[in-house]
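S.K.: Chains as they are written, first to last, in the working numbering: chain A, 26 to 346; chain B, 26 to 346.
Derived from the structure by calculation, the hints contain no laboratory data. Everything numeric in this text was worked out from a predicted model, so none of it was measured. One or more of the hints may lead you astray.
As the list claims (entries may be wrong) - Here are some chain B residues pointing at chain A (derived, C-beta under 10 Å):
id, residue
1, 130
2, 143
3, 159
4, 163
5, 187
6, 196
7, 198
8, 206
9, 208
10, 241
11, 275
12, 290
13, 291
14, 298
15, 315
16, 330
What the hints assert, rightly or not - SDA-like cross-link-like pairs, simulated, lysine to any residue; straight-line CA separation at most 25 Å:
id, chain 1, residue 1, chain 2, residue 2
17, A, 153, B, 269
18, B, 158, A, 218
19, B, 48, B, 330
20, A, 153, B, 309
21, B, 158, A, 290
22, A, 158, B, 161
23, A, 153, B, 262
24, B, 153, A, 269
25, B, 153, A, 147
26, A, 321, B, 161
27, B, 199, B, 158
28, A, 321, A, 147
29, A, 321, B, 250
30, B, 80, A, 239
31, A, 153, B, 250
32, A, 153, A, 190
33, A, 48, A, 336
34, B, 321, A, 218
35, B, 158, A, 158
36, B, 153, A, 145
The C-beta atom is built at its ideal place from N, Cα and C for all residues, glycine as well.
2 protein chains.
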Amino acid sequence: MNKAALALLIHGGTENWSPQRWKSRFDNVCSNRRVVLLPDAGLDPTEIRYAAVWKPAPGELAAFPNLRVIFNLGAGVDALMADRSLPKVPLVRVAVSDLTARMTEYVVLHVLMHHRQEPYLRASQREKRWAPKYQWPASAISVGIMGLGTLGAHAARALTQLGFRVTGWSRSAKRIDGIECFHGAAQLDAFLQQTDILVSLLPLTPDTRHILNRDLFAKLHRTGPLGAPVLINAGRGGLQNEADILACLDDGTLGGASLDVYETEPLPPDSRFWTHPKVVLTPHNAADTDADEISKYVARQIERFESGDALENVVDATRGY
Amino acid sequence: MNKAALALLIHGGTENWSPQRWKSRFDNVCSNRRVVLLPDAGLDPTEIRYAAVWKPAPGELAAFPNLRVIFNLGAGVDALMADRSLPKVPLVRVAVSDLTARMTEYVVLHVLMHHRQEPYLRASQREKRWAPKYQWPASAISVGIMGLGTLGAHAARALTQLGFRVTGWSRSAKRIDGIECFHGAAQLDAFLQQTDILVSLLPLTPDTRHILNRDLFAKLHRTGPLGAPVLINAGRGGLQNEADILACLDDGTLGGASLDVYETEPLPPDSRFWTHPKVVLTPHNAADTDADEISKYVARQIERFESGDALENVVDATRGY
């Protein structure tokens, strides 16, 4: 126990996020390092050099004067960035290939569900109707991905391999082989105008809050085979204006939506998303994180840091992700 | 009109199979060749050298004594092969990349739906329950593909790219990069024992009729993350024993099924498949054929044949596919 201590601040709830299970995982992968599960009444706060956190309360991290690095146990850091008392030390996001692969599973599944008219086919089954409709090929559909980080780039490649036309949009210019990439506010309209299925994998920042709104939906491609464009949001609930999504589904501006994230989670029982026939709803489980992989990732990053190497996936405080 | 004549025998019904639309398509792609849509009262049957057919009546093709090649406008030739009066000339199956890509869309969609617990998640939505369950990664699931022709090999590659463990089984030995391939009756049990999701893309022959039965389902992997194995049949309805599928879904031998084909099509209204909560039913639309692509394919094959080149995708009469 001669290495600098790691504190765990885990405010979860579900089985996968049990604080005690995280503690035993980190004990396994942090050899000779003290791992402290908070709250711990006997702890001297000055001992803590590292913190691995999941939904810490605002101000909670400010209690550790000698903190050197914060590790967020998920990919989205918007809640942490909103904590004005957050210590000014590097904040590291999780980026493990397992999480990327899971998000691509979700994106491919939901693009295919809308492309292949699953809502219509399930309704036909319920009504015992044998009524195949014309099915266009993937090559007739343009999927536009907003957010071309690790997740967006990986999903783009998988969709391309299935035959979809794929384009992408991101804040700053990106290059991905075989994908037409747009960037910045100036190219957003051109990107939207050719998009039949819009996939949002954006981070939540002051610039992207409520970016998924009626103005944006109205610019999507309107004459594709699907009849009306489709929204898939697996980024963050704060990206979406939920009243606009419902109104646009009602008036035909959108033909369908797959939503994994919401402004309030769990989604309140009175949300119309539950019952809307054009909504395919999942309970923020698009990309579960594999706790074992993440524990190993954090342990490896700490070892890198202590041997003088650069930390990976450090959040840029000015961009917010 | 100096080239040998092509007869069209189209018994369809749906919009995509309108005989008149096929006639105009073939007129477009068969330059200088007479294209005759049957029945045609004024036709001299000895003039016909080629026939392109969709569900011809038994005996109908025997009327053309100078027939040289029969082209089937779909991938499955089981119904044709059952016609004992079929002229002993080469029978060519459709194999266009468009059809292959569409079948892979169907297979990937339905594997992902079962893998990612879609039936559970849709029920949760209907009941307004925010209740995510643990989601295993694709790498925890073994997909076994029966039938490793063009369709099976293409689907296998797409599933591998999404992270699934993929194995295959076929009548005769096949090699596909990155896929463990089993073959023949002797290796069938070993293949089944490690399969969590079974995908059937087999041709229908006397050997494969009713191969999807209780004996086979009982050999599938029983301790995978899904809880019980899943059947996906997009081959032919005659491959499946439908009473066995229902009984195995009822008693837990199977955990779910996606079916695109049935012993009787359209599926009769009193079939329990319509209402079974573990069945994801589609009306034989997994891989619609693109009529334009197929017309071009047939025209190209005739040109090859007339210039002395070998026909492609000729059915082996002894194998039956």
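S.K.: Evaluate each hint against the coordinates.
M.R.: Each hint tested on the structure:
1. For residue 130 of chain B, the interface hint holds, the least distance from its beta-carbon to any beta-carbon of chain A being 6 Å, beneath 10 Å.
2. At a threshold of 10 Å, the smallest CB-CB gap from residue 143 of chain B to chain A is about 8 Å, leaving the interface hint in force.
3. A hinted interface residue such as residue 159 of chain B counts as satisfied when its beta carbon comes closer than 10 Å to some beta carbon of chain A; here the least separation is about 7 Å, so the hint holds.
4. Hint status for residue 163 of chain B relative to chain A: holds, with the closest Cβ pair at about 6 Å, below 10 Å.
5. A least Cβ separation of about 6 Å between residue 187 of chain B and chain A falls short of the 10 Å threshold, and the interface hint therefore holds.
6. For residue 196 of chain B, the suggested interface contact is broken, since its CB lies about 28 Å from the closest CB of chain A, more than 10 Å.
7. Interface hint status for residue 198 of chain B: violated, as the beta-carbon distance to the closest one in chain A is roughly 27 Å, over 10 Å.
8. Checking residue 206 of chain B against chain A by beta carbon gives a least distance of about 21 Å; that is not within 10 Å, so the hint is violated.
9. Residue-level restraint check for residue 208 of chain B is violated (minimum Cβ-Cβ distance to chain A is 27 Å; threshold 10 Å).
10. Taken as an interface hint, residue 241 of chain B does not check out: its beta carbon lies about 25 Å from the nearest beta carbon of chain A, beyond 10 Å.
11. About 18 Å separates the beta-carbon of residue 275 of chain B from the nearest beta-carbon of chain A, more than 10 Å, and the hint is not met.
12. Interface hint at residue 290 of chain B: satisfied, since its Cβ lies 8 Å from the closest Cβ of chain A, which is below the 10 Å cut-off.
13. The beta carbon of residue 291 of chain B comes within 4 Å of a beta carbon in chain A, closer than 10 Å, and the hint placing it at the interface holds.
14. Annotation: interface hint on residue 298 of chain B holds; nearest CB of chain A at approximately 9 Å, less than 10 Å.
15. Annotation: interface hint on residue 315 of chain B holds; nearest CB of chain A at approximately 7 Å, less than 10 Å.
16. The closest approach between the C-beta of residue 330 of chain B and any C-beta of chain A is roughly 28 Å, which is over the 10 Å cut-off, so the hint fails.
17. A C-alpha spacing of about 21 Å is found between residue 153 of chain A and residue 269 of chain B, which places the hinted pair at or below 25 Å, so the restraint holds.
18. Our distance criterion of 25 Å between C-alpha atoms is broken by residue 158 of chain B and residue 218 of chain A, whose separation comes to about 37 Å.
19. Between residue 48 of chain B and residue 330 of chain B, the direct Cα distance comes to roughly 21 Å. Compliance with the 25 Å bound is thereby established for this hinted pair.
20. For the suggested pair residue 153 of chain A and residue 309 of chain B, the alpha carbons sit about 14 Å apart, so the restraint of at most 25 Å is met.
21. Between residue 158 of chain B and residue 290 of chain A, the direct Cα distance comes to roughly 16 Å. Compliance with the 25 Å bound is thereby established for this hinted pair.
22. Restraint check for residue 158 of chain A and residue 161 of chain B: not satisfied, since their Cα atoms lie roughly 33 Å apart, outside the 25 Å limit.
23. The suggested pairing of residue 153 of chain A with residue 262 of chain B holds, with an alpha-carbon distance near 18 Å, which does not exceed 25 Å.
24. Between the alpha carbons of residue 153 of chain B and residue 269 of chain A the distance comes to roughly 21 Å, so the proposed pair stays at or under 25 Å and holds.
25. A threshold of 25 Å between alpha carbons decides the hint, and for residue 153 of chain B with residue 147 of chain A the separation of about 18 Å falls inside it, so the pair holds.
26. A distance of roughly 18 Å separates the Cα atoms of residue 321 of chain A and residue 161 of chain B; the hinted pair therefore holds under the 25 Å criterion.
27. Between residue 199 of chain B and residue 158 of chain B the CA atoms are separated by roughly 38 Å; this puts the pair beyond 25 Å, and the hint is violated.
28. The straight-line distance between the Cα atoms of residue 321 of chain A and residue 147 of chain A is roughly 42 Å, outside the 25 Å bound, and the hint therefore fails.
29. For the hint linking residue 321 of chain A to residue 250 of chain B, the alpha-carbon distance of about 23 Å falls within 25 Å, and the restraint holds.
30. Taken as a hint, the residue 80 of chain B and residue 239 of chain A pair is broken in the structure, with Cα atoms around 49 Å apart against an allowance of 25 Å.
31. Between residue 153 of chain A and residue 250 of chain B the alpha-carbon distance is near 31 Å, which puts this suggested pair outside the 25 Å criterion.
32. Straight-line distance between C-alpha atoms of residue 153 of chain A and residue 190 of chain A comes to about 34 Å, which puts the hinted pair past the 25 Å bound.
33. Proposed proximity of residue 48 of chain A and residue 336 of chain A is supported: the alpha carbons are some 22 Å apart, at most 25 Å.
34. A distance of roughly 32 Å separates the Cα atoms of residue 321 of chain B and residue 218 of chain A; the hinted pair therefore is violated under the 25 Å criterion.
35. The hinted pair formed by residue 158 of chain B and residue 158 of chain A fails the criterion: a straight-line CA distance of about 34 Å is larger than 25 Å.
36. Distance check on the hinted pair: residue 153 of chain B and residue 145 of chain A sit about 21 Å apart at the alpha-carbon level, within 25 Å; holds.
The structure fails hints 6, 7, 8, 9, 10, 11, 16, 18, 22, 27, 28, 30, 31, 32, 34, 35 (numbered hints given earlier, in ascending order).
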